[in-house]
Amino acid sequence: MNTRTYIAGIFSALVLTSAAPAVAADANDEITRGQLMAASCQACHNAAGANDGVTNLSTLSENLIASQMRAFRDGQRDGTIMDRHAKGYTDEEIDAMAAHFGNQ
Amino acid sequence: MSHFTRRSFLKVAGITGAATFTGIGCAPGDSQASNGAHVVVVGGGSGGATAAKYLKQFSPNLRVTLIEPNATYYTCYGSNWVLSGFASMDDIAQTYDSLRNNHGIEVVADRVTAVDAENRRVHLQGGDRVDYDRLIMSPGIDFNYDSVEGIDESDAEAIPHAWKAGDQTRLLRDQLEDMPNGGVFVMVAPPNPFRCPPGPYERVSLIAHYFKQHKPRSKIIVLDAKDGFSKQGLFEEGWAQHYGEMIEWRAASEGGLVETVDVAEKTARADSGFERVKADVMNFIPRQRAGQIVRDAGLVNEEGWVPVNQQTFKTEADANIYVLGDASVAGAMPKSGHSANNQGKIVAAAVVRELADQEPLNPSSANTCYSLVTPDHGISVAAVYQYKDGAQSGVEGAGGVSPSGASEEFRAREAGYTQGWYNGITADIWG
Numbered sequence: 001m002n003t004r005t006y007i008a009g010i011f012s013a014l015v016l017t018s019a020a021p022a023v024a025a026d027a028n029d030e031i032t033r034g035q036l037m038a039a040s041c042q043a044c045h046n047a048a049g050a051n052d053g054v055t056n057l058s059t060l061s062e063n064l065i066a067s068q069m070r071a072f073r074d075g076q077r078d079g080t081i082m083d084r085h086a087k088g089y090t091d092e093e094i095d096a097m098a099a100h101f102g103n104q
Numbered sequence: 001m002s003h004f005t006r007r008s009f010l011k012v013a014g015i016t017g018a019a020t021f022t023g024i025g026c027a028p029g030d031s032q033a034s035n036g037a038h039v040v041v042v043g044g045g046s047g048g049a050t051a052a053k054y055l056k057q058f059s060p061n062l063r064v065t066l067i068e069p070n071a072t073y074y075t076c077y078g079s080n081w082v083l084s085g086f087a088s089m090d091d092i093a094q095t096y097d098s099l100r101n102n103h104g105i106e107v108v109a110d111r112v113t114a115v116d117a118e119n120r121r122v123h124l125q126g127g128d129r130v131d132y133d134r135l136i137m138s139p140g141i142d143f144n145y146d147s148v149e150g151i152d153e154s155d156a157e158a159i160p161h162a163w164k165a166g167d168q169t170r171l172l173r174d175q176l177e178d179m180p181n182g183g184v185f186v187m188v189a190p191p192n193p194f195r196c197p198p199g200p201y202e203r204v205s206l207i208a209h210y211f212k213q214h215k216p217r218s219k220i221i222v223l224d225a226k227d228g229f230s231k232q233g234l235f236e237e238g239w240a241q242h243y244g245e246m247i248e249w250r251a252a253s254e255g256g257l258v259e260t261v262d263v264a265e266k267t268a269r270a271d272s273g274f275e276r277v278k279a280d281v282m283n284f285i286p287r288q289r290a291g292q293i294v295r296d297a298g299l300v301n302e303e304g305w306v307p308v309n310q311q312t313f314k315t316e317a318d319a320n321i322y323v324l325g326d327a328s329v330a331g332a333m334p335k336s337g338h339s340a341n342n343q344g345k346i347v348a349a350a351v352v353r354e355l356a357d358q359e360p361l362n363p364s365s366a367n368t369c370y371s372l373v374t375p376d377h378g379i380s381v382a383a384v385y386q387y388k389d390g391a392q393s394g395v396e397g398a399g400g401v402s403p404s405g406a407s408e409e410f411r412a413r414e415a416g417y418t419q420g421w422y423n424g425i426t427a428d429i430w431g
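Chains A and B, in that order, give the protein sequences. In terms of this note's numbering, the first sequence has 77 at position 77, counting the first letter as 1, and numbering is strictly consecutive. In terms of this note's numbering, the second sequence has 264 at position 264, counting the first letter as 1, and numbering is strictly consecutive.
It is worth saying that the hints were derived from the structure and are not from the lab. Certain hints may be false.
What the hints assert, rightly or not - Some chain B residues well away from chain A (every beta-carbon gap over 10 Å; in silico):
hint : residue
1    : 161
2    : 175
3    : 178
4    : 229
5    : 250
6    : 342
7    : 361
8    : 364
9    : 404
Said to hold, decoys possible - Computed Cβ-Cβ distance ranges for the label pairs, DEER-style:
hint : chain 1 : residue 1 : chain 2 : residue 2 : range
10   : A       : 63        : B       : 396       : 24 to 30 Å
11   : B       : 191       : A       : 75        : 35 to 41 Å
12   : A       : 78        : B       : 241       : 19 to 25 Å
13   : A       : 74        : B       : 95        : 41 to 47 Å
14   : B       : 396       : A       : 32        : 21 to 27 Å
15   : A       : 32        : B       : 267       : 33 to 39 Å
16   : A       : 32        : B       : 320       : 22 to 28 Å
17   : B       : 255       : A       : 63        : 15 to 21 Å
18   : B       : 102       : A       : 76        : 38 to 44 Å
19   : B       : 154       : A       : 32        : 47 to 53 Å
20   : B       : 154       : A       : 74        : 55 to 61 Å
To be verified - Sample of chain B residues with no beta-carbon within 12 Å of chain A, all distances over it, derived:
hint : residue
21   : 71
22   : 118
23   : 155
24   : 156
25   : 221
26   : 243
27   : 266
28   : 273
29   : 331
30   : 352
For every residue, glycine included, the Cβ atom is placed at its ideal position computed from N, Cα and C.
Work out the full structure: start from the sequences and follow the hints.
Right, dumping it as structure tokens:
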């Protein structure tokens, strides 16, 4: 099975969002745990990694990110490394991280 | 166990009174929020540059100054690609242009020579002084040659460490190119803890890749100060698959623990002199400790690393100083660029929240580390970390290494993601 093809198939239908930093804060906002955890995802999952098949999360909807993280975690989707990462997060944490990408 | 010295704090106290202030001093702080406070970041590697960038992202009105002597930073990750010959130094070069021009960070090209913690001020080699409200230091590693006889820092031209990327990387690459077919490359691998745990073993893999193409009769010997190493099973599987008998790894307890190096003869001796290994090219990766500036500032423990509150990376020694990255003691988090990147974000959030009188968050973070066995054979280790019972701890059930016995296609995909990881994380840090 080819995950890259699979990713491309799902995501080509989605509308791209703006290129603004996905985890930027408003000056007066309090930084939340979800925001800080979403910043961790940004290490790999930004526009620069996308040419080599690493998903750019800021182009995806909140629901899709959350559902795919659960699928990786629960063994319903094959991965090379995301299955190993996803097992480290609760439902609540997944939703909190996804919210910081999907809302941009 | 922690032993702090205040020597340097006292040392600089005498000279501060006579010096003049520069234009990059401290703006008056705002007690309500982080707006207007001045945060100084020392060191523009993966940890420091991330901290500077995310301070501005989390709190755009904060004043952030990044002090880094080099205009170009060569990432240690990726430097093994250069040694193998399939990437150039330009491919692993990063600059501070975007941090300066796009992110509102004041980048000062100078070196911090002393920390005056009492007056919250750092002194620069060029003579300037910079005041801070909070100081974040990410000085990386320095070397300690004391545990092996016959070799010291002044021998790094003849026998490179190449464990800080840049001129040392070029030097080792040149020596490998000059080595005759049938020569012997010897790596002396360091004891724990050290920067990039799988790095030495990726290095010999990719040097073997170069030899296989250009000098196939050559031999590689690793003399290790340890009895095991990161991703060992996956590396050994890959070595057998691609390089046959070319790479020989000797554990510390089986004659690998080097006691003496004869620099002129390029010979290492182990096992009380009974083991004698002659090299054509030798790569000596020394024992490591935190960078000089935090040792001078009296922030390190007896082992040479900086103890911190692992929830925030605030130092145990000083409430206004944070230390992150390779120099810090970070529980289960390895000394890696990815760890430093995550820690930079944790520190940025901790500082912004503290300046706004908010409680620290309980952070969760991750490490992702790819290694190449060949340019088309990648392997990885992943982990998720959470602060728990006073330390950064791995979340149970998560993480681990790539499967053993995986298909060629799986390894090729991870090799592709290795490049994606590099492009992504360097954009996140310096982009």
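These are the hints, each one checked on the structure:
no.: 1; hint: 161; verdict: holds (27 Å)
no.: 2; hint: 175; verdict: holds (31 Å)
no.: 3; hint: 178; verdict: holds (33 Å)
no.: 4; hint: 229; verdict: holds (20 Å)
no.: 5; hint: 250; verdict: holds (31 Å)
no.: 6; hint: 342; verdict: violated (5 Å)
no.: 7; hint: 361; verdict: violated (5 Å)
no.: 8; hint: 364; verdict: violated (5 Å)
no.: 9; hint: 404; verdict: holds (14 Å)
no.: 10; hint: A:63 - B:396: 24 to 30 Å; verdict: holds (28 Å)
no.: 11; hint: B:191 - A:75: 35 to 41 Å; verdict: holds (38 Å)
no.: 12; hint: A:78 - B:241: 19 to 25 Å; verdict: holds (23 Å)
no.: 13; hint: A:74 - B:95: 41 to 47 Å; verdict: holds (42 Å)
no.: 14; hint: B:396 - A:32: 21 to 27 Å; verdict: holds (24 Å)
no.: 15; hint: A:32 - B:267: 33 to 39 Å; verdict: violated (58 Å)
no.: 16; hint: A:32 - B:320: 22 to 28 Å; verdict: holds (25 Å)
no.: 17; hint: B:255 - A:63: 15 to 21 Å; verdict: violated (58 Å)
no.: 18; hint: B:102 - A:76: 38 to 44 Å; verdict: holds (40 Å)
no.: 19; hint: B:154 - A:32: 47 to 53 Å; verdict: holds (51 Å)
no.: 20; hint: B:154 - A:74: 55 to 61 Å; verdict: holds (57 Å)
no.: 21; hint: 71; verdict: holds (21 Å)
no.: 22; hint: 118; verdict: holds (30 Å)
no.: 23; hint: 155; verdict: holds (36 Å)
no.: 24; hint: 156; verdict: holds (31 Å)
no.: 25; hint: 221; verdict: holds (32 Å)
no.: 26; hint: 243; verdict: holds (23 Å)
no.: 27; hint: 266; verdict: holds (39 Å)
no.: 28; hint: 273; verdict: holds (45 Å)
no.: 29; hint: 331; verdict: holds (15 Å)
no.: 30; hint: 352; verdict: violated (6 Å)
In this structure, the hints that do not hold are numbers 6, 7, 8, 15, 17 and 30, in rising order.
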